[in-house]
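2 protein chains.
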Amino acid sequence: MSESLTERRRRLLGPNVPTFYEKPVHIVRGEGVWLWDADGRKYLDCYNNVPHVGHCHPRVVEAIARQAAILNTHTRYLHEGILDYVEALTRKLGQGLSQAIMVCTGSEANDIALRMAQAMTGKSGIIATDNTYHGNTSAVSQLSTRRPPIGGRAGHVRLVPAPDSVHPVGGSIERQAEAFALNVGRAIVELEESGFGFSGMMLCPVFANEGLPALPKNFLEPTLGVIRRARGLVLCDEVQPGFGRVGSHWWGHQLMGFTPDVVTLGKPMGNGHPVAAVVTRPDVMETFRESFGYFNTFGGNPVSAAAAMAVLQVIDEEGLVQNAKEVGAYLLKGLKQLKHPLIAEARGTGLFFGVEFMKGDVPAGEFTGRVVEAMREEGVLLNRLGRHGNVLKLRPPMPFSRANADFALHALQRVLKATPV
Amino acid sequence: MSESLTERRRRLLGPNVPTFYEKPVHIVRGEGVWLWDADGRKYLDCYNNVPHVGHCHPRVVEAIARQAAILNTHTRYLHEGILDYVEALTRKLGQGLSQAIMVCTGSEANDIALRMAQAMTGKSGIIATDNTYHGNTSAVSQLSTRRPPIGGRAGHVRLVPAPDSVHPVGGSIERQAEAFALNVGRAIVELEESGFGFSGMMLCPVFANEGLPALPKNFLEPTLGVIRRARGLVLCDEVQPGFGRVGSHWWGHQLMGFTPDVVTLGKPMGNGHPVAAVVTRPDVMETFRESFGYFNTFGGNPVSAAAAMAVLQVIDEEGLVQNAKEVGAYLLKGLKQLKHPLIAEARGTGLFFGVEFMKGDVPAGEFTGRVVEAMREEGVLLNRLGRHGNVLKLRPPMPFSRANADFALHALQRVLKATPV
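Residue numbers (our numbering), protein chains in the order written: chain A, 5 to 425; chain B, 5 to 425.
For reference, chain A alone in the conformation it holds in the complex (with noise of 0.2 Å):
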């Protein structure tokens, strides 16, 4: 079955498609934190932060089909289904971020926050660090790091060292925090002296991508001080870490403790549904509108914001920051207590969780994929991540139980015995 899918695939969408696993999974139905697959074989699902209040909530896919049988249509006529979800998202941003754009994706809203930064400054150049993702559109894929674009990467874009909690920049982790805004601010200058101009950094707060390394509350400081004497703006992609993933805090900025210019939303925001988010300052928005026409044809349309607006309540009504909270530093606790020769550091913020392998000095990258395709044979959908692929990396569900981190640990312990190193 998997296999004729497999071949269907090819041919109905073309080579080089990712997809999970050596022997991809067949899914055909999700429940709350559970997954199972067409021979109804049943998985946990510690990987998928899209179902952010749990796969088919009842609650959002209510809201979901009461609007979309009522009226979907666009932002030129007036509704008030975005509004009241502005005004609710807002709220629990604060800071001074109080006007937003809906558009589709996180894709579309950095690509928009690209252009903030550029109506802001007048400038262009660009930083990120060297081991991320932020997108797919033509404009944000530039600051990529999977796959260099074609052609070369354009001259606006300038990559720094991303911080990294096994291997740190500048030699230590006490040093690290000062020598990564050092590379921020020798981009900044080459940026301008290139004539692109430095227009701002685009960073995760937590670097999810980057292999989500344990940094104190204060690392960005040094570096939000260079951005900010250099008059750029901080991007802030919280696609990852935001809507109370970290469990502490409801943004991942919140944790790192700084307030950035421009937040971007999107994955769990809508549980699953195609709806993303820009938030910004009056003024960025103002000067936003006034460079650059923007108009998004499904953006804030009724019924993504009805599912918007789902998920933000749910999310409160069943106590899931506290829960990613609670249930985060148990899990944690657990994958810190796993005995294992290769283990070189396990981490983590809330439900969002990094076990790394080394063997010695080097990444043990093969390793970790066969302890990911191992935790699937035993029911437990996980992934890897870092620039070696030797991170294990969990994020489950928001609604994770207590029972759930235990099942996944017992199966963690079961698979690590097993499998060789």
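The hints are simulated quantities; they were obtained by calculation from the structure and are not laboratory data. Quick caveat, the model's predicted, so the values are computed rather than measured. Don't take each hint at face value.
As the list claims (entries may be wrong) - For each label pair, taking beta carbons as the anchor points, the in silico distance ranges come out as:
hint, chain 1, residue 1, chain 2, residue 2, range
1, A, E322, B, G199, 31 to 39 Å
2, B, D365, A, D134, 52 to 60 Å
3, A, R190, B, E182, 49 to 57 Å
4, B, V425, A, R63, 52 to 60 Å
5, A, G44, B, A92, 34 to 42 Å
6, B, D287, A, Q326, 48 to 56 Å
7, A, E194, B, G199, 18 to 26 Å
Said to hold, decoys possible - Only some residues are given here: those of chain B computed to face chain A with a beta carbon under 8 Å:
hint, residue
8, T10
9, A73
10, I74
11, L75
12, T109
13, S169
14, V307
Said to hold, decoys possible - Computed footprint of chain B on chain A; a stretch qualifies when at least three of its residues, placed anywhere within it, have a C-beta under 8 Å from a C-beta of chain B:
hint, segment
15, 44 to 55
16, 62 to 73
17, 82 to 93
Glycine residues also receive a C-beta, built at the ideal position from the N, C-alpha and C atoms.
On the provided structure of chain A, position chain B as indicated by the hints.
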């Protein structure tokens, strides 16, 4: 009520967020070709192509609700939904256009199409008309002429004079096809000399945003010859004409008698659900997939695929393409019979119409604007297009009936009689 909503929009969404009408309409409900505002006023929708099979079509609503309750996840797992849909969609296209990437918006689709042309040619120069819109990403908005990009248009973009049936390129309708092709040829030479090289031309096959000019079926022949001889790709933006809108055919390029290299789809595809696609030949797909990493989290998820599949099925089962042909011909005849001193031309294709108003040699944009406002007072929603906003734009949902056409025509007769020229 509307005023306070307008104020809330200003506060929460910022300035310059486009609305229709001097006093924007506050729409709360839709069904078929009808919309209702907050005061219970009913409007005939002669504008919206997104609710392609009719506002809140129960088949589409049910497909979304059902699939959202079962599973909504990304395509890194296997699922039949996306495959069944791409199979059905490509069957409607034929001509070797057999593979697709599903995304969320027409902008994302066109952003990919540009990269497909780059991947196939190794060049980046792109041509569009000088009165068009193909989307809102940083890359695609470079082709937009509504508002010049900040810092000027990028060097790799060349715009050629758009075809026009009232003021033809080259001075006469007979010479227009050759004159248009000549300008494309000049732009190709410029791009090759500039070092960017020529990768392709992006065009809407019915030139919808350009003003929907009345063009002979073979209009594009000379241009396509020029593009093909220069080894560029024809990127066909079917966001407006696609899915049977043109009545005589499923696609605008079929109406115009040519086979594009890449077809992009958007707005009507999911009847309002954010779904879009790029369809191309296997050789183009393979080259793109080898040159660029691309993954879209929401693209082709089971709910989006279900929404899009329901739309395809409803079009067939309700005979909406044939309806567009028949009712379109009926309404066009009525529009052509309108007597008014400022009407320069009434034209259309399927259920897509333009009525152009001129005061002698001067485009009557201001008059057209007053007609749009007065039609709204008559309970008919439509808008205007064209370089000078002097073309009335009618593009209703596809289940538009003869009775609906009569309703619109009678309202337009009354408005034209009552509006001072």
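Hint by hint, here is what the structure shows:
no. : hint                        : result
1   : A:E322 - B:G199: 31 to 39 Å : 57 Å, violated
2   : B:D365 - A:D134: 52 to 60 Å : 59 Å, holds
3   : A:R190 - B:E182: 49 to 57 Å : 55 Å, holds
4   : B:V425 - A:R63: 52 to 60 Å  : 55 Å, holds
5   : A:G44 - B:A92: 34 to 42 Å   : 27 Å, violated
6   : B:D287 - A:Q326: 48 to 56 Å : 53 Å, holds
7   : A:E194 - B:G199: 18 to 26 Å : 24 Å, holds
8   : T10                         : 7 Å, holds
9   : A73                         : 5 Å, holds
10  : I74                         : 6 Å, holds
11  : L75                         : 5 Å, holds
12  : T109                        : 5 Å, holds
13  : S169                        : 26 Å, violated
14  : V307                        : 7 Å, holds
15  : 44 to 55                    : holds (count 3)
16  : 62 to 73                    : holds (count 7)
17  : 82 to 93                    : holds (count 7)
In summary, the structure is inconsistent with hints 1, 5 and 13 from the numbered list given earlier, while agreeing with the others.
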